[in-house]
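Quick mapping for you: the protein sequence lines, in order, are chains A, B and C. So the first sequence is residues 22 to 116, counted in the working numbering. So the second sequence is residues 4 to 189, counted in the working numbering. So the third sequence is residues 196 to 1160, counted in the working numbering.
Just so you know, these hints were derived from the structure itself, not from any lab. Cβ coordinates follow ideal geometry from the N, Cα and C atoms, glycine included. Heads up, some of the hints might be wrong.
What the hints assert, rightly or not - Quick list of the computed label-pair ranges, beta carbon to beta carbon: (1) Q73/A <-> H596/C: 12 to 20 Å; (2) H1149/C <-> I61/A: 29 to 37 Å; (3) N1028/C <-> G72/A: 34 to 42 Å; (4) K940/C <-> Q16/B: 23 to 31 Å; (5) D22/B <-> L1136/C: 48 to 56 Å.
The chain contents come next:
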Amino acid sequence: MIIHHPLLGPRDSQEFVYLGDAALIHRPDGMAEGALDKFIDYTYLRDNPAGQHRELWYHEQGDRSWLVVTRNIVSHEITAVELARDVARTEGRSK
Amino acid sequence: MANPLKSLSPLGQVAAQSDTIGAVTITENPGTALASLAARMGCYAEVASLAASAGMPLPGPGRAETATYGAFWLGPEQWMIEAPFATHEDITAVLKPIYGEAASITEQTDAWVRFDVTTSNLSAYFERLCNFDLHKAGAGAATRTVIEHLGCYVIRRSDTLVSLLGPRSSAHSLHHALVTAAKALL
Amino acid sequence: MSRISGGQIDRSKSLRFSFDGVSYNGHPGDTLASALLANNVRLMGRSFKYHRPRGVISAGSEEPNAIVELRSGARQEPNTRATVIELFDGLTAQSQNRWPSLKFDAMAINDRLSPFFAAGFYYKTFMWPAAFWEKIYEPIIRRAAGLGSLSKQDDPDAYDKGFLHCDLLIIGAGPAGLSAALTAGRAGARVILADEDFRMGGRLNAETLEVGGTSGADWAAKAVLELATMPNVRLMPRTTVMGAFDHGIYGAVERVSDHLAQPLPGKPRQILWRIYTARTILAAGATERPIAFENNDRPGIMLAGALRAYANRWGVAVGQRVAVFTNNDDGLRTVADLKAKGLNVTLIDARKGDEVIDSAGRLGLKSITIRRAAGGTETVQVEALGVSGGWNPNLNIASNHRGRPVWDDQIAAFIPAPESIAGLSCVGAAAGAFSTHAALTTGASHAIAALADLGITATADTPTAEDAPLKLTPAWYVHAGKGRAWVDQQNDVTVKDVKLAKQEGFVSVEHLKRYTTLGMATDQGKTGNVLGLAVMAELTGKTIPQTGTTIYRPPYTPVAMGALGGRARGADFKPTRQTPSHKWAEEQGAIFVEVGYWLRTQWLPRAGETTWRQSVDREVLQTRKSAGICDVTTLGKIDIQGTDAGLFLDRVYANTFGSLAVGKVRYGLMLREDGMVMDDGTTARMGQNEYVMTTTTANAVPVFRHLEYCRQVLWPDLDVQLISTTEAWAQYSVAGPNARKLLEKLVDQDISDAAFPYMACGAITVQGTRARLFRISFSGELAYEIAVPTRYGDAMIRALVEAGREFDAVVYGTEALGVMRVEKGHVAGNELNGQSTALNMGLGKMVSRKKDSIGMVLSQREGMTAPNGYRLVGVKPVDPAQSLTAGAHFLAKGAAAVAENDGGWLTSVVYSPHLGHSIGLGYLKSGDNRKGERLRSVNLLAKTDVEVEIVSPHFFDPEGERLRG
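Work out the full structure, taking the sequences as your base and the hints as a guide.
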């Protein structure tokens, strides 16, 4: 597969390491009330859509950016690639 | 101070090694000091201005440039700075005062083996080694990619010269791959 | 000789070759098949199952029958198609799947027993008893129904891999591909034109058709010459594009040296190219298909287009008396071309109701029997019969992404579905456009469209050419006789087998394929598949599109395993990483062990030592007695800087780090989010905002990846910057009571206990060279780790050894390191197994609940904190003479060795020279409350059963007095 890195352009997926669902961005607060249940959901519950999937890829043999790749896991069509750091910020993550 | 420690090149030589196979020359180059430079959070503008006054180019993604210092892009807001080893043995000691708390600076000199590859047809040689499209990239392109399982930086300095930075501990394996590819072109 | 005039062979040169030990002559430009036919050799092999005599049926890579063993010795290659082997001087080939000889094959008895070998015979015959399968049935089947044999020697050739980039990849250099390449090349696009043949031009080389007023072959040669002058065009003859992968990545095998007796020195035999392209044009042409009739598999019966190709391209008449059996106008071309060559040709046109109903000739065709529509049958003496049932577009690559081909009634064949692969379009015969005119115009127009997508303007300049329709009336198999009519010649599938499959309910195409093995041979059914489907369609009363079709996976034609492996063989299988002391250690005769890519010193034998234990015991004892030196460069080092670096460490380590003072080191425990231990190591605070983390050797890369994940994905605004420095520093551990004295001889600073206490760190110099010193210990001794820039690493080990001479210091390897860490009860890889928590390791108290860190919450969940869970324990044999076995399980005395009685297991075992017996670490249920208990340690594989006592994991200096010394 080819992943269109937002900074580096098209790159072979062989340079990347796959992690999984981009929902991992939303790590619960471990000190908050009810953290245990939230962490169990966060760590183990995943949607498995036959279609569009937002997922985390790491450009390990490249610039070491974590990316959010929107990929159709049936056809492998990739419709969006963003820097995970930008996505995380947009979705409310900070320090 | 009794006997200062003697240095060895990544290939274990006192003097750098050079091999010419057909039209390809592969030369070990231990003469460059390296340090990574990363802007601290929110300090990019400050780093850029300090770099400009120090004659240190900060190239964009996928690029390398040379001024007083050489530099190539490593990742977002992170670069590798190059300087002559003879004058910059302790390169971080030179760079840290320039940037103060605006940047994180880490010595990288001996993390890498650098091979300078000269040949009239770079594309024909590197197409046997890595997926980097040197033809399209042109001079001044710099990227990290994989050569024989090893993460390497490929820096196209000119139409006939590529500097290759690979993990120092695998210098022998990388050298073997480079020589083998050159022989396959003969 | 059967040579006739014409053809694209160089008659001025002669090439010697041999087949089954007989010598023949051919010419440059010949294939092995054309050269054999020119020498009147029609019999080239035996069929897979029935051992029927077989000859060549095609003139291309679709060949199912003429399969030979090429070359001899280590280069012997089975199952190569004689039709694509470019003749070279000295070529040797053997027929295969026959014994004792091709002309008399004992296994031809299978042909007489054919009723037993019908479709599904494996399933029916070899079902019972199951025990017979491996020992009796399979070896018999393998011997009888086989392909070629392997040399069983190492392949002496090298294979390369490579990477190519282009705007437009054109697969196939026939009229359509050449037209596309000319159009795109003239427009300045980066073009790759690949063709499996050694001569570009495709069918134009096999035809007498004209293009632009000159012969098609001449036009093709001129086009290739023009393309060769274009720097933006890469011509790749002898290159098979074997598959389409995702997003414009194609695999191609270039046969660099297969047309030579052996590769030139240094040169690869083949190159597996990974081609990255923006757009692709599939111009792979079409493959002719036969019409099935009784005994249609004799040597001399071939596809009509192949018969014509041998005459036109190679100047070979397969026979003086030939016949053509066709259901379309293309067959008439064969008639015309062969007549023009002066041959005697009989036409049987199925469209007029005439049919070939049988053939005769044991080892080669002698006659055919024709049933005329007008009535009556006649027998005609012929040496060759060309059969044409129509042409199937070579859409294989286009279906690699599951795009289902669609049926086209006009040509009675499947054509590629539009958009079956993003960025790929099909032209010419591959798209079902069979005329030369259609090939040239679609090639050009699709190239223009593809380049327009890329913003490149191209224009067409297409020469004139014939535009004749195919005029085909479907005829699939002849309904006559009771004998066998072959559908898939390579796997010996007949019309009867298809009927049997239908009768037994295997009517779906996927079932038909697996039940009869139709299309499952190395040719992937290129000639037989559609015919098989057509037979099934007729039997079920459905149309062919209703019956459906199978699709193709890569590779298009078989690929040598060597090409897939490339250079990664033997010593070159993977790169190695050498430590800074490697050169010195090699000089000392060190024994190395692979740790990932790293080569680490395992132990260093001294003169007189005959077993590894002697060396390791000495290294351990001498380190504990005086001093030992060990290369620990392989541990991962990550430079962590930034104003939030301390906060970051608090998040990624389970224990507290924010409070660590500058100039101090702390042990850190890293968890995964699920609460299991991920890694451990020390982190040193080198400055206000500057830390150096160490990781285990094995986890250096995963930990770095994890830290990048934490700072980019989880906490994107933390001011933290990371870079690996593993290779930048040569790091040595110096341990033992004399460690300080040893180092004091080398370092330029005061490193007394007061100036440099336990867990101190800082920048120092070694005889003026910049260095880093860490007072940390894995061995439990007074110990330091000293790091110098890697280029000084070789000098540093020599300096340490020299300085250690007066203390009789040793250099120790990973074995001694392991012994000392087990003696101290430190966990390592065997305990960090991805299934163990901090609590399991006896480190539960390290997990701070006062801050949020990765894995903190889930490490506390139910089940992970149960008091009866596994705990790290020390283990020793009750009888010190007995040794322990790693992996052994704990059982109560008298308990049966069954899973429900399992109490845990021994993770690490060493011989402690200090204690004089075997010791181990293990995980034992409720282990922290069971010290002094006696259990058995049982390993059923090693057949050991040893009585053990559970003890503290700290075998040596439990209070840690030595390391603070």
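Hints violated by the structure (listed by number, smallest first): none
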